[in-house]
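All chains should be modelled from the sequences, with the hints used to inform the complete structure.
Protein chains in written order, with numbering that gives the first Met the number 0: chain A, 0 to 295; chain B, 0 to 413.
If you're looking for bench data, these hints aren't it; they were derived computationally from the structure. Be careful, since some hints might not be right.
Under the rule of at most 30 angstroms between Cα atoms (straight-line distance), these lysine-lysine pairs were calculated in the DSS-like manner [as the list claims (entries may be wrong)]:
#, chain 1, residue 1, chain 2, residue 2
1, B, K336, A, K227
2, A, K166, A, K36
3, B, K274, A, K102
4, A, K20, B, K232
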Amino acid sequence: MKKIAFSILISLFFSLPAFSKTNVVVSYQYIEDILNKIGKDKIIVFSLSKGTSDPHFIVPKPSLISKARNADLLVINGGELEIGWIPPILNQANNPNIQSGSKGFLDLSNHIKLIEKMENFSRAYGDVHPNGNPHFILNPDNVIIISKLLTEKLSELDPINKDFYKKNNLDFTKKWNEKLSIWSNKMKNSKGKKVIQYHKLYNHFLEKYGLKSINTIELLPGINPTPKHISDVIKQIKDENVKIILQDVYHNQNSSKLVSDKSGIPYILLPHDVGSLSNITDIFSLFDNIVDKISK
Amino acid sequence: MKKIEKIYLLTSIFLLISFSSFAEEKNKKEGDLIEPISNFSQFKFIPDISVILDGSYVFRDKKIEDFNKTRDVKGFGLLDNYINKNNGFNLNYSELAFSSVVDPFFDFFTNFHLSENEFEIEEAFINTRFLPFGLRFKVGKFLSNFGRINSQHAHYWDFNDQPLVYGLTLSEHGLLEKGIQLNWLAPFDFYLALGSEVFIGENEKSFGNKGFVIGKNTFEDINLPNLVTGFAKTSFDIGELTFLGGVSYAQGGTRILEQSNEENSETTALSGINKIFGADLTLKYQLDSYSYLSLQSELIKRNMSGDLYKKDTSSSFSKNQSGLYSNLIYKVSNQWKLGLRYDLIFENNLLEDSKKIESNSNLSRYSAMIEYNTSEFSRFRFQYNHDRVSSLEPVNEFMLNMNISIGAHGAHAF
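See below:
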């Protein structure tokens, strides 16, 4: 009798995952939000980082390793954005389902065209990404590609709910396309506008809407500005008639403030991910906010 | 003439291709009958490679001979340190690391520790990537997961030197052994990892498996694995505060031949058993993406007992020794970091044939450091030590260390 009870317990223990929802761990909040729009109540999503953090520098806390331990699927942005923090989490998660190369690992950058792919690269140019600018989520056209990828991946892991995911993605894509035309309208007058950014964070967005990024506040990727660089940027703003400075939420704003004061052009605080600012609750409000602020 | 031209052409093409593997793609024209020489090129399979250099300039208020005399600690032996060994300029080490996925089943990591005239395989191990139930095996030569700082490479430490208690009880390289580790990550919402290791047990300060001859007594090599460890680590977050705590235990046979560097002192040999207990606690408060405050402390306690052999005599002996370190780090920005550390050995009880041997049981060191990083890949760190390791005079040390890395982007665990 005891033996039977024990074997039932054991088989229950091992079959538990079959009853449960697909457990997804993602690197950034925007992936969490798109996944929730497609998987809804059929999945559980956990984002390893918060939108308020610098996406390059997330601390691989042990608590994050535990989250990855129990995941059926890991979705990352890729393009080397997580190179400094996902590997130690993955190496210690002891989870064969989500190792790179397995079914439960999805690197979005492999399926998206990255701009600024470098032919010649060297760290003399700073902490560069040779495979191209990894902040591709900020081109709203890529959001549809990503939602399709996520739909396919969820269907592959959980084929029973295939139609459910497909329908949700259709709804999402329809809404997104409506938004795309609204944003295009609003951005029409900003075509050709020249901007300065702290880091080359918004290049995918700027390219989509025809804006020009003239320079960055930081000297080089990952390297803080020098006084000489700041005065060069101020001069450049005047010479080239730059209109605004785009400041992200995680870098120190003192340099942008200084440049803004000295040059007389405004700097605007822009979100880069869901959760970056308290009113950026999903992928729609992320782009609403960026478009409203830049097109103003 | 034509043949020579052809050879010339082929040679220049070969040169072009060897200069750049990409070049061939671009220069190829449709219908060209020139085969790319890199048909069997495997450059996409080159593992991740990185090179790290650590050098320093050291000033001590003691001549090096006098400083070295203060490194002989009764009950522990010589306190060696391959970092900042000399006064003046030091080439501490260069580290060459390779890592890659082997196949769907294993990851491989190796790192070569290079000093000026020596090549050493510091670590070479595989990790499994296919085991279910949160299990992972690590096999090869690697740094034990005992304690907090032991599994970290020197370039990742917050100070230029190792904590005293580590150097005295586990040697300048820490517990670095050949063997196998089993690691289990519990399926809970908070972090709980349990693990155990079986090693040869060659550690020169605490274990050792080499036989020796002393007087009339001959001890043969221990051929079986000689050292077993166990550890448990847990972590959770309260808002931006992360708590990480662990307990560790190591037990193994001890065979140590000790040659004191004091003049006229005789050679002694130990044969016995050693039990080491470790406890560690880290509290880290993240202020933003680039700055944090952290407090890290470790306690190590060892109990060694067995027989002590001199040239003509033998006696029973036991050592009960304990030490700790505690450091406070303030990372100000992605460029600046400040730190304070306190090292203490507070127990050093030595018994020979149940008689107490006189020894210093209050060794301490105070350290302060400030570091500047020009980027993620280069670091300059100035450190001051007030060192009371010896019962002789205290030593004041000033050191400026430079740590440079190139190649693959390193990613470090918490």
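(request) Provide an ascending list of the numbers of those earlier hints which the structure does not satisfy. (result) 3
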